[in-house]
Amino acid sequence: MIRVAPILIAAVSAALLAGMMLTNPDYNSIVRPFETRVPPGETGQTRLIGGRIDSWRSADMITFPLYGDLVRRETQGVFLIVDATLFGTTESTMLRATWIGASGRRYDTTDRISGAFRQVQDLWLQPGLESRAIAIFELPADEIPQGALLLAQRTDPPLDGVLRLEAPVTAPIHVPMLELDG
Amino acid sequence: MTRDTRPSLLRRIWLRTLATAGIAAAVLLSWWWKIEEARSPETAPAAAFGTAVDLGRTALTPMVLEWQPGDGRLVLTAAIENLTGETQVAIFGGPPHPPQLILNGAPQEPPQIVLLRDDAPLQQLQPRISEDIALIWQVAPDWQAGQVQIDFAKQAFKLKDNLYGQSSWLGFSPAARLTAIPGIRP
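Protein sequences, first through last, are from chains C and X. For the first sequence, the positions run 1 to 182 when my numbering is used. For the second sequence, the positions run 1001 to 1186 when my numbering is used.
To be clear, the hints were calculated from the coordinates, so they are not data collected in a lab. These numbers were taken from a predicted model, which means no experiment stands behind them.
Not everything, but these chain C residues come out facing chain X in the computed CB check (under 7 Å): (1) Asp26; (2) Tyr27; (3) Asn28; (4) Gly77; (5) Arg105; (6) Arg106; (7) Tyr107; (8) Asp108; (9) Asp111; (10) Glu138.
We put the beta carbon where it would ideally sit given N, CA and C, even for glycine.
Build the full structure now, drawing on both the sequences and the hints.
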């Protein structure tokens, strides 16, 4: 005589396990930062950092002084320069800035302008003190509108807060050449 | 009185199960080795000038190979493009596997890689921005220009790895081999 109950229990268990496996969210979905979205022009704050976008510009070429020489950098795309006011909340913090383009692609601040003054990635953010900083990105021009500036701790801990400052409503002023201070 | 030396039924079943498992494991292992061999062939396909080579995170298109005897430099100019959705610093994988020059069967030191635009070192590659670069190998100035070989390696990407189920870049395999005689630029 075929014992139906054990077979049924085994089948239901297998189906439940398969369902759990199929609907189990993957590691990348579970372990990711908590994002605070800030509308254009407003100031936002997350656990360790806060800030706002003051203005933005774009340029085809950037010049800046480096070790006494004037260095000139061009790009296949366009340089986007975001001016921001930032502050720390409870700890001294180093930052990493990323531009989330209109396509969703992520652009880190460019290393090609290293040496220019007040760049976000060189800044030590202190609790309670406001700092003016610039973030320079190298990207295709169509990634600028509807983008956002993402600010996170330098070490990018997966379960901490990140600040997403939405792009200003007005288009950035474009200049062929921008001179930056050293 | 005789003593029964035959093993018990349970022991016989156990021994046979063990033997069957061993044979099955050997068969599966050799089958898997065959699959691995097919997935990462020892001999890479031939690369050609003007044709993109997929390196995993990036695609590199070799353009011109030149021998500059005055500077003792062998220079490969190429276009490189980021295939991912984020800024890449691991342009040739992690740990880096830049194209490898082989002269007379001997692998050479890794090349210096600069942007053609301003001779700045290639440190990052932005998505959707193709860059023209030069890969520069220092070679003994008395080297007689002849056929050279440049090997390209590709790093594999896995969306869900076996450890945490997170996306990971894993091992390298040969992607392409460029065999060419460099042009000479005095």
